[in-house]
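A.B. asks: Please construct the entire structure, taking both the sequences and the accompanying hints into account.
Chains as they are written, first to last, in the numbering used here: chain A, 44 to 150; chain B, 10 to 122.
Hints in this document: simulated from the structure, not taken from any laboratory.
Accuracy of the hints is not assured; some may be wrong.
[Stated by the list, open to error] With a Cα cut of at most 20 Å, we get these calculated SDA-like pairs of lysine to any residue:
hint, chain 1, residue 1, chain 2, residue 2
1, A, Lys85, B, Thr119
2, A, Lys88, B, Glu10
3, A, Lys135, B, Phe41
4, A, Lys82, B, Thr117
5, A, Lys82, A, Arg104
6, B, Lys52, A, Gly84
7, A, Lys146, B, Ala49
8, A, Lys88, A, Glu124
9, A, Lys135, B, Gly70
10, A, Lys150, A, Ala56
11, B, Lys73, A, Asp44
12, A, Lys85, B, Gly51
13, A, Lys82, A, Leu97
14, B, Lys52, A, Thr128
Each chain is listed here by its residues.
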Amino acid sequence: DIQMTQSPSAMSASVGDRVTITCRASQGISNYLAWFQQKPGKVPKRLIYAASSLQSGVPSRFSGSGSGTEFTLTISSLQPEDFATYYCLQHKSYPWTFGQGTKVEIK
Amino acid sequence: EVQLVESGGGLVQPGGSLRLSCAASGFTFSSFDMHWVRQATGKGLEWVSGIDTAGDTYYPGSVKGRFTISRENAKKSLYLQMNSLRVGDTAVYYCARAYGDVWGEGTTVTVAS
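C.D. replies: Quick look at the structure:
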């Protein structure tokens, strides 16, 4: 199985900060990676697909990059509504696996 | 409007069975792979099963042999038959389309005596 190691597991940041979250795959997954945002009590929402493609309707301050084994999700200027937990998902091969999540909290 | 609506959750004793359903609307259901993802309270997301358009099925080791995913394209419905349930299967179960672009609101499964 492909393991997805996400870091950090939690972080504190201020409005306006640039935030970077990393996911590392235990083996190459090309660009078969998506990023999700989940707010408390809400359904996960896809932000990025194919590692770097922005989901329709998602603000352009979100971006994704990477290929192979290392991937990043960047929020260029953190907004109040961005405080949430973020997950990566590899869908290169079954079983699909999520990263353990990164909780972004208000500093 | 593209929508997924899960049902069938509830309280079941360890060792028991439950069948979840997911009703799709607003898109050509038969053209998409479909998945179940679960989340225990306070925990992360866990992919539980997937079925492609040809009807081939996929599972992680944690549920293989106990859970069965199926689909009925004529009814635009996805199912998850869960047998030999364990306390650790307690979670909110979501159905999701393809690579997670559409999710349902989830249905809660509680396994307890």
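A.B. asks: Against each hint, give a clear statement of whether it holds in the structure.
C.D. replies: Hints versus structure:
1. A:Lys85 - B:Thr119: holds (19 Å)
2. A:Lys88 - B:Glu10: It holds: about 16 Å lies between the C-alpha atoms, which stays within 20 Å.
3. A:Lys135 - B:Phe41: holds (17 Å)
4. A:Lys82 - B:Thr117: holds (18 Å)
5. A:Lys82 - A:Arg104: Cα-Cα ~18 Å, so holds.
6. B:Lys52 - A:Gly84: Status holds; Cα separation ~12 Å.
7. A:Lys146 - B:Ala49: holds (16 Å)
8. A:Lys88 - A:Glu124: holds (13 Å)
9. A:Lys135 - B:Gly70: holds (17 Å)
10. A:Lys150 - A:Ala56: holds (5 Å)
11. B:Lys73 - A:Asp44: Judged against 20 Å, a Cα distance of about 14 Å means the pair holds.
12. A:Lys85 - B:Gly51: holds (12 Å)
13. A:Lys82 - A:Leu97: holds (19 Å)
14. B:Lys52 - A:Thr128: Between Lys52 of chain B and Thr128 of chain A the Cα gap is close to 11 Å, so the pair holds against 20 Å.
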